[in-house]
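> Residue numbers (UniProt numbering), protein chains in the order written: chain A, 1 to 201; chain B, 1 to 201.
There's no promise every hint is true.
Stated by the list, open to error - EDC-like, lysine to aspartate or glutamate: derived pairs with alpha carbons at most 20 Å apart: (1) A:LYS40 / B:ASP31; (2) B:LYS81 / A:GLU6; (3) B:LYS82 / A:ASP23; (4) B:LYS81 / B:GLU142.
Note that these hints are calculated values from the structure, not bench results.
2 protein chains.
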Amino acid sequence: MKVLEERIRREGQILSDTVLKVDSFLNHQVDTGLALEIGKEFGRIFGGRPITKVLTIEASGIQFAMAASIALGVPFLYAKKKKVVTLSEQVYSAPVHSFTRQESYQISISQKYLGPGDKVLIVDDFLATGAALVGLVDIVREAGAELLGVGAVIEKSFQEGRGLLEDMGVEVHSLARISAMAPGEVHFIDNEESIKESASC
Amino acid sequence: MKVLEERIRREGQILSDTVLKVDSFLNHQVDTGLALEIGKEFGRIFGGRPITKVLTIEASGIQFAMAASIALGVPFLYAKKKKVVTLSEQVYSAPVHSFTRQESYQISISQKYLGPGDKVLIVDDFLATGAALVGLVDIVREAGAELLGVGAVIEKSFQEGRGLLEDMGVEVHSLARISAMAPGEVHFIDNEESIKESASC
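Pulled out of the complex, with its shape left as it was, chain A reads as follows (with noise of 0.2 Å):
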C-alpha cells in the first residue's frame, strides 16, 4: 500500500535495525483518514470471503480492526490483555511472550462472542515475531471458528512471525512489508512483484 509506505518513510523513526515507531500516526495519535484507508484495503484483499467477524488485541489492533469491520460491515472483538485471566466467566485464553518488553501475559476473549459458527478476518497493527498474532489462532482454533485470514498493517518481513503463520496454515496479507531497515533507512518488499514471483514458480 503505497501511501503507508510513503507515510512511514516520512514519519516512521527507526531507533535500530528493529524497532520502528509510527506514533504519529498509527498507534498513538491517529490519523482517521489513513486508518480509514487501511480498512478499505482489508476489505479489497478480503471482502471476497463470508468473514461474520474480525478479531485483535487490544489496544493498538483496536482502530484497524474497526476499520477492516467498517469496510466488511461485521462486528469486530478484542481480545483483552491481563495479567491472571478472571475466573468470573468462561473465556478462551493463551499466552503471550512479547520480545519487545521481555515480558509475558495472556490473552483471552469470552467464550460467549467466538464460536463454531464464525468465520474469522485477524486484523493486527505489527506482525514480528508473530506471538500475539499465533496466540489469536490458536484462539479462533479453540473456539471452533473458521479462520480465513490474517491481515497486518505493517510486517517486519526480517522477523519470523509470517514464517510461523504460515507453518500453522494460515494466510497472511501485510500492506507494508519491511525487509530491512536501520537509522535512516527502510526497504519494502514490494507486494505486486511478490505476488507475482509466487505465481510464476
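Starting from the structure of chain A, add chain B where the hints point.
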C-alpha cells in the same frame, strides 16, 4: 440517545447496583454500526466547536474516539496506561486510581502530540468515578491545550464523576445517563428533559 438506551436495556448485564457489562456490543465485541452512530452523536453535540483533536485512553475508549474523530474530521490520540512511565521520551502523565479494579496506574501522552495549539474533545466509554477522565483533563491542562468538552458514552450519574469534572469547569455530555440500576432494571435520566429544565432555570 434512545437507540443506545434501548440496547443497554436489551443487552446490558447488570451484575450489581454499580456494575454494568456491555461487552456484547460496546467494549469487547463492538457493533461498529452503533459505534459510528455514537460518533455522529458526539459530532452533533460538539461539531460547532473548533476541535482539532479527540483524546481518549486505551483500550475501550479507542473505538468511540475513532468514531468521533470520523464525524469531526480530526485525528485522535489515546493515552497509554503504564505501570512505569518510560523515560525514553518526554511525556505528560497523570496518576489514576481505578476503584473497580483496586489498582493504580499512570496514564501518559507523548508531548509531541499535544500542545498549546490544540483544542481538545475528550471521549471515553464510561463516566463513573471520573478517575481516568480527571487524569486526562489534568494532562490537557498540563500540555497548555484548550479543553472544549468531555463526551462519555455511558454515565453512571449516581457516582461522583460528573460532579468532579464540573467542579473543574469542564462541560460534560453523556449519551446514556443511568440514574439508578439493579439486576434486572436500569433507569435513565432523560437528557432532553434535563436540558429543558436547565434552560428554564
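> All hints, please: hold or fail.
Hint-by-hint comparison with the structure:
With a C-alpha separation of about 18 Å, the suggested pairing of LYS40 (chain A) with ASP31 (chain B) holds against the 20 Å cut-off. Straight-line distance between C-alpha atoms of LYS81 (chain B) and GLU6 (chain A) comes to about 30 Å, which puts the hinted pair past the 20 Å bound. For the hint linking LYS82 (chain B) to ASP23 (chain A), the alpha-carbon distance of about 16 Å falls within 20 Å, and the restraint holds. For the proposed pair LYS81 (chain B) and GLU142 (chain B), the alpha carbon gap of about 17 Å is at most 20 Å, so the pair holds.
Consistency with the previously given hints fails for number 2 only.
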